[in-house]
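Protein chains in written order, with the working numbering: chain V, 103 to 293; chain X, 2 to 193; chain R, 31 to 233.
Careful: at least some of the hints might be erroneous.
[Stated by the list, open to error] SDA-like mimics (lysine to any residue), calculated; alpha carbons at most 20 angstroms apart, straight line: (1) X:Lys124 - V:Ile291; (2) X:Lys104 - R:Tyr221; (3) X:Lys38 - R:Leu164; (4) X:Lys136 - R:Val195; (5) X:Lys124 - R:Leu207; (6) X:Lys46 - X:Val30; (7) X:Lys137 - R:Gly197; (8) X:Lys136 - R:Gly203; (9) X:Lys137 - R:Met222; (10) X:Lys124 - V:Tyr229; (11) X:Lys137 - R:Thr202; (12) V:Lys227 - R:Gln135; (13) X:Lys124 - V:Met286; (14) X:Lys46 - R:Thr202; (15) R:Lys98 - X:Thr15; (16) X:Lys35 - V:Asn166; (17) R:Lys48 - R:Asn160; (18) V:Lys227 - R:Ala134; (19) X:Lys104 - X:Leu43; (20) X:Lys136 - R:Leu132; (21) X:Lys137 - R:Leu190; (22) X:Lys104 - R:Gly137; (23) V:Lys227 - V:Leu185; (24) X:Lys137 - R:Lys199; (25) X:Lys38 - R:Tyr128; (26) X:Lys35 - V:Leu159; (27) X:Lys46 - R:Leu132; (28) X:Lys38 - R:Leu138; (29) V:Lys227 - X:Lys124.
Since the hints were derived computationally from the structure, they do not count as laboratory data.
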Amino acid sequence: MEYILIIISAVLVNNIVLTRFLGLCPCLGVSNRFSNAVGMCGAVIFVMTLATIVTYLVNTYILNPLHIGYLQTVAYILVIAALVQMVEIILKKVSRPLYQALGVFLPLITTNCTVLGVAILVIQKEYNLLESVVFAMANAIGFSMALILFSSIREQLDLADVPEGMRGTPITLVIAGLLSLAFMGFAGIVH
Amino acid sequence: MKKKEPTFLNLVTTLFVATFVSSASLGFVYEVTKGPKARAELNKKIEAIRNVVPEFDSSPFDDKTERCQNERCITLYPVKKAGEVVGTAVESWTQQGFGGEIKLMVGFLPDGTIYDVEVLDHKETPGLGDKIDRKKSDFTRQFQNKNPGAFSLTVKKDGGSVDAITAATISSRAFCNAVQRAYDVYRKESSH
Amino acid sequence: MMSIERSRAISIWKNFTKGFLRENPVFVLVLGICPTLGVTTSAVNGLGMGLAATFVLVMSNMVVSLIKSLVPDDVRIPCFIVVIASFVTIVDLVMSAYTPALHAQLGLFLPLIVVNCIILGRAEAYASKNPVWLSVIDGLSMGLGFTFALTLLGGVRELLGSGAVFGHKFITGDGILVFILAPGAFIVLGYMIALVRLVNKTD
Numbered sequence: 103m104e105y106i107l108i109i110i111s112a113v114l115v116n117n118i119v120l121t122r123f124l125g126l127c128p129c130l131g132v133s134n135r136f137s138n139a140v141g142m143c144g145a146v147i148f149v150m151t152l153a154t155i156v157t158y159l160v161n162t163y164i165l166n167p168l169h170i171g172y173l174q175t176v177a178y179i180l181v182i183a184a185l186v187q188m189v190e191i192i193l194k195k196v197s198r199p200l201y202q203a204l205g206v207f208l209p210l211i212t213t214n215c216t217v218l219g220v221a222i223l224v225i226q227k228e229y230n231l232l233e234s235v236v237f238a239m240a241n242a243i244g245f246s247m248a249l250i251l252f253s254s255i256r257e258q259l260d261l262a263d264v265p266e267g268m269r270g271t272p273i274t275l276v277i278a279g280l281l282s283l284a285f286m287g288f289a290g291i292v293h
Numbered sequence: 002m003k004k005k006e007p008t009f010l011n012l013v014t015t016l017f018v019a020t021f022v023s024s025a026s027l028g029f030v031y032e033v034t035k036g037p038k039a040r041a042e043l044n045k046k047i048e049a050i051r052n053v054v055p056e057f058d059s060s061p062f063d064d065k066t067e068r069c070q071n072e073r074c075i076t077l078y079p080v081k082k083a084g085e086v087v088g089t090a091v092e093s094w095t096q097q098g099f100g101g102e103i104k105l106m107v108g109f110l111p112d113g114t115i116y117d118v119e120v121l122d123h124k125e126t127p128g129l130g131d132k133i134d135r136k137k138s139d140f141t142r143q144f145q146n147k148n149p150g151a152f153s154l155t156v157k158k159d160g161g162s163v164d165a166i167t168a169a170t171i172s173s174r175a176f177c178n179a180v181q182r183a184y185d186v187y188r189k190e191s192s193h
Numbered sequence: 031m032m033s034i035e036r037s038r039a040i041s042i043w044k045n046f047t048k049g050f051l052r053e054n055p056v057f058v059l060v061l062g063i064c065p066t067l068g069v070t071t072s073a074v075n076g077l078g079m080g081l082a083a084t085f086v087l088v089m090s091n092m093v094v095s096l097i098k099s100l101v102p103d104d105v106r107i108p109c110f111i112v113v114i115a116s117f118v119t120i121v122d123l124v125m126s127a128y129t130p131a132l133h134a135q136l137g138l139f140l141p142l143i144v145v146n147c148i149i150l151g152r153a154e155a156y157a158s159k160n161p162v163w164l165s166v167i168d169g170l171s172m173g174l175g176f177t178f179a180l181t182l183l184g185g186v187r188e189l190l191g192s193g194a195v196f197g198h199k200f201i202t203g204d205g206i207l208v209f210i211l212a213p214g215a216f217i218v219l220g221y222m223i224a225l226v227r228l229v230n231k232t233d
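Isolated chain V, as found in the complex (with noise of 0.2 angstroms):
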C-alpha cells in the first residue's frame, strides 16, 4: 500500500516536472518530436532508476560511514556522469538496436537535473533501498507522462496560428502552465 501512495504522489500529486519544476530543459529541448519524447523517456527511466540505487548506495556504504555528507552533491554528480558512460558503452557492446535507439539521449542526461534531483529527495526523505528503487521508477514515468503529454500537444500546436511573439518557448511555457493547472486537481487524493 505504502508503495502505491508512493507512485501516486510522484506520478500525479507531485509530478516532478509540473510541480517539482525538475528536468524541464530536456522537456522544452525534445518535446518537439512525438518519437524523440518516447526515445528520451526510456532512457531517463533506465538511468534514473540505476542512478538512484548506486547514489543510495554510495551514501549509506561510503559518505555516511566517513561521516563526509558534504561531499555528497560532488560524489553523486560523478557516479552518475560515470554510470551514464558506462550505460552507453555497455549497450553499444550488448544491444546494438536498443543503443540506436536510446544513444543520442544518453548524453542529455547528465545534466538532467531529474536524475540528481530524484537521488537527493531520496537521502532527504530517508527512504530505504526499495523504496527509493520505487520513488525513482514513479518519478522517471512522472517525467516521462509529462515529456510525453507535451509533444503530443506541441505537435497539434504546429497546425494552430499562435502570434508571432509567442511562437516556440512561450507557448510552449503557457501550456506547460495550463497542464500544471490540471495537475493541482489531484492534489489531496494522497494524504
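Mind docking chains X and R on chain V? Use the hints.
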C-alpha cells in the same frame, strides 16, 4: 601551444588530482562553516523558545528533557523566572504535512494553556500551506491562550475548533497533529 | 576615428552587458529554467538564488579558464563538473551557516546548480577557450543576467500572487494565488520571454 598526446595514466592522474583538490578544499570549508552553522541552529531554537513562552531568566538548554519513542524525540524546555517555572517550550513534529515533515515549537503555561506556537521547519507549498508560518498569516494566532483540554485541536471540517487555512486543509491538520503531540507529551510530563 | 583603447573598452562593456537582455540566459537562451521556476515564489528568493549561481558561475569560469591547458581533452567535462560541484558545495555550506532561512527556502535547488545548463555551458563554450579575465567578465555578465531574470520573475509573481514586493505588502487581501503556485510560474515566464523578444526586436 600544442597539447601533448594524453596517455591513460595522464587521464587518471588529472582526474585524481582534480577530485583530490576538490575534496580537500571542501573539507576545509566544511570545518570552517561547522561552528557558525551549529550556532545559527542554536540561535534559531532559542529565538523560537523566547517567542512561545513568557519572559524568563533561566537557560532553557540546561533544564531540557527528552521523551523518545521509536527513535523520534520530543524535547521539553522548561523556563524559569526567579526560580519559578513560568512555562515550557515543547519541540514537536509531524510527518503529515503536505510536503513532509513540519517541526514546531509549542509554548505552554504551567496550567497547560498554549502561550504561542512557532514553526521551526516546514516544506509546505508557498502561498498555501506556508501560511502556518506566523510571518505569513494569522493562522497560529487562534491557538494563543487556548487550553487543549477545552479547545479541540482538529479543524472545523473534522468537528474540531480550528479554522483551517483556505485550500490548505492538509497543512492545517498536520499543524494540529503536531500541537496535539506536544500537548500529550507535556501533560504526561507535568502530571508526574 | 575611435581609438583602440576606446573600442576595447566598448567591447568589454558589450561583453559585460550582453547577459542582461541581448543574450539573457533565461529569457533569450532559455537555459536554467528549473531553478528559475522553482525558487521564484518571491523576489528575495530569486535574488538569493541568482547571486548563489553568479558566484558559482564566476568562480568556475575562472578556474576552468586557468586549468584549460592542463587538462587533457578526454577528461575535460568530468574535470569541469568536479570544479563546478565543488563551488556549489561551498555555496551550500556557507549559506547554511550564515543565511539559514534563505538556505531552507532554496532547498533542493542549491545542490542542483551543478546541473544548471548555464554553468557547464559557459565553462565549455566560453571559459575553456578564452583568457581568465574575459571568462570572469563573461561569468559575471551571465550570472547577473540570470539574477536579473530571477528577481524580475520573483517580483512579478510576488506582486500578482500576494500583493507584495520584497516582502512589503502594499495591496491588502490575498492576491491572485495561482501566480505563486506552479502554474503561475510557467505562465509568467512564457509571457516574459515573449516580452523580451519584443524589446530585443525594437532595439
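Taking the hints in turn, this is what the structure says about them:
no., hint, result
1, X:Lys124 - V:Ile291, "18 angstroms, holds"
2, X:Lys104 - R:Tyr221, "38 angstroms, violated"
3, X:Lys38 - R:Leu164, "35 angstroms, violated"
4, X:Lys136 - R:Val195, "15 angstroms, holds"
5, X:Lys124 - R:Leu207, "18 angstroms, holds"
6, X:Lys46 - X:Val30, "24 angstroms, violated"
7, X:Lys137 - R:Gly197, "10 angstroms, holds"
8, X:Lys136 - R:Gly203, "15 angstroms, holds"
9, X:Lys137 - R:Met222, "27 angstroms, violated"
10, X:Lys124 - V:Tyr229, "17 angstroms, holds"
11, X:Lys137 - R:Thr202, "13 angstroms, holds"
12, V:Lys227 - R:Gln135, "17 angstroms, holds"
13, X:Lys124 - V:Met286, "17 angstroms, holds"
14, X:Lys46 - R:Thr202, "32 angstroms, violated"
15, R:Lys98 - X:Thr15, "12 angstroms, holds"
16, X:Lys35 - V:Asn166, "17 angstroms, holds"
17, R:Lys48 - R:Asn160, "16 angstroms, holds"
18, V:Lys227 - R:Ala134, "15 angstroms, holds"
19, X:Lys104 - X:Leu43, "15 angstroms, holds"
20, X:Lys136 - R:Leu132, "14 angstroms, holds"
21, X:Lys137 - R:Leu190, "16 angstroms, holds"
22, X:Lys104 - R:Gly137, "16 angstroms, holds"
23, V:Lys227 - V:Leu185, "23 angstroms, violated"
24, X:Lys137 - R:Lys199, "11 angstroms, holds"
25, X:Lys38 - R:Tyr128, "7 angstroms, holds"
26, X:Lys35 - V:Leu159, "26 angstroms, violated"
27, X:Lys46 - R:Leu132, "16 angstroms, holds"
28, X:Lys38 - R:Leu138, "18 angstroms, holds"
29, V:Lys227 - X:Lys124, "12 angstroms, holds"
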